[in-house]
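Chemist: The listed protein sequences derive, respectively, from chains A and B. With this note's numbering, letter number 221 in the first sequence gets 221, and the count goes up by one each step, no holes. With this note's numbering, letter number 20 in the second sequence gets 20, and the count goes up by one each step, no holes.
I should point out that these hints are in silico values taken from the structure, not numbers from a laboratory. All figures in this text were calculated on a predicted structure; none of them were measured in a lab. Think of the CB as a built atom: it goes at the ideal place given N, C-alpha and C, for glycine as much as any other residue. Be aware that one or more of the hints could be misleading.
Taking CB as the label site, the calculated pair distances span [what the hints assert, rightly or not]: (1) A:V74 <-> B:L9: 49 to 55 Å; (2) A:L75 <-> B:L6: 35 to 41 Å; (3) B:L35 <-> A:E35: 34 to 40 Å; (4) B:L32 <-> A:L241: 18 to 24 Å.
Far from chain B, by Cβ distances over 12 Å, these chain A residues were calculated [stated by the list, open to error]: (5) V67; (6) L88; (7) A108; (8) M119.
Here are some chain A residues the structure puts well away from chain B; computed CB gaps all over 12 Å [as the list claims (entries may be wrong)]: (9) E35; (10) S49; (11) A59; (12) A63; (13) T81; (14) G92; (15) L95; (16) G118; (17) L209; (18) A246.
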Amino acid sequence: MAGELRKVFELGPTAQPIVAGVYAWAVTVAPVGFEKHGPRGLHDWPAVSFATLALLALASGAAVEIVSRRAPGVLPGSRETWRTLALLAFVGASLVTWICDTDALSPARMSAARGIAGMLGWGLFAFAFAAPVVEPVGAGVAGARVVAGARARGRVERGDAVFVAIACAAVLALQLVGWNVQAPERAILVRLTTLFAGIVILGGVGLFLSSRHGALKERPARARVRAARTPLPLGWVIALLLLLVAGLMYALTS
Amino acid sequence: MFRRTLFPLGLLVLACGAFAAGAWSIADGNDLAGLYFVAVAVVALRAQARISTLGIA
Chain A
1 MAGELRKVFE
11 LGPTAQPIVA
21 GVYAWAVTVA
31 PVGFEKHGPR
41 GLHDWPAVSF
51 ATLALLALAS
61 GAAVEIVSRR
71 APGVLPGSRE
81 TWRTLALLAF
91 VGASLVTWIC
101 DTDALSPARM
111 SAARGIAGML
121 GWGLFAFAFA
131 APVVEPVGAG
141 VAGARVVAGA
151 RARGRVERGD
161 AVFVAIACAA
171 VLALQLVGWN
181 VQAPERAILV
191 RLTTLFAGIV
201 ILGGVGLFLS
211 SRHGALKERP
221 ARARVRAART
231 PLPLGWVIAL
241 LLLLVAGLMY
251 ALTS
Chain B
1 MFRRTLFPLG
11 LLVLACGAFA
21 AGAWSIADGN
31 DLAGLYFVAV
41 AVVALRAQAR
51 ISTLGIA
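Can you make the complete structure from the sequences, with help from the hints?
Modeler: And the structure:
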């Protein structure tokens, strides 16, 4: 049962952008499509239909992926074609939803925070859509996994998983800061700061983990002597110390 | 051990704390303190990156 569930939720080439697509749909398309209008609170039915169609297009992409994985050859055309069709149908239906109710995207009806969240959602969707297709390799299949771009390590060490889990928890905890800020501009600034912090912290943790397993480079004797004279790259460390001292002095004197 | 694990890890923790303090300061309306803490975090991460990649193939 658990194995079957894992197979269903295994992220294939279509499911990867679908995750971001559902987020973008929930933030920017669903509020436009399902919002009630006028004093009688009526739905705009074309907008409702196309918002629903957009979500169904995403669901169809996931369904096609599961079917083609379980029974290859049942569906005509390649999986790449179906993936492109499903995702373009999602984008097209979302576009028509917005056209049905253009006022819904005006600043008067859409808050700045939701606008920023929607922008991030569509950016993530575009990034996942444009990313190279990475097919999961089944158990027992011999040969290397072919992935365009940077190659991931084949195995995650147990210690690394702990570091990543702690870093993810810290990054998620950072996202809890500043939700009760009243001024919209300040709220956006706090959100941008915490998102930026999350991205660079995860990047730093990735670098730290990869360096733990990196091999020391064989360097020429002259470089080794020079490295022995300066045991640490002190530039950024000194800059950090100066900043900390300056902050401490400011706190003590004011 | 110190150079490859403890020192970079300490800098990462410092960066996390500085980012949290920066976000809190900005949320409280203290932009100068927020900018300072974010600068401390960025410099700590740069130092961590330099130390982590030193001599690594």
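Chemist: The structure should be examined with respect to each hint, and the outcome stated for every one.
Modeler: Status of each hint after checking the structure:
1. A:V74 <-> B:L9: 49 to 55 Å: holds, 51 Å
2. A:L75 <-> B:L6: 35 to 41 Å: violated, 54 Å
3. B:L35 <-> A:E35: 34 to 40 Å: holds, 38 Å
4. B:L32 <-> A:L241: 18 to 24 Å: holds, 20 Å
5. V67: holds, 44 Å
6. L88: holds, 38 Å
7. A108: holds, 26 Å
8. M119: Check passes; 20 Å lies beyond 12 Å.
9. E35: holds, 30 Å
10. S49: Per Cβ check, S49 of chain A is outside 12 Å of chain B; nearest 41 Å; holds.
11. A59: holds, 36 Å
12. A63: holds, 41 Å
13. T81: holds, 42 Å
14. G92: It holds; G92 of chain A is separated from chain B by about 38 Å at its closest Cβ, greater than 12 Å.
15. L95: holds, 35 Å
16. G118: Its Cβ never comes within 12 Å of chain B, the nearest being 22 Å, so this holds.
17. L209: Answer for L209 of chain A: violated, closest chain B Cβ roughly 9 Å.
18. A246: violated, 8 Å
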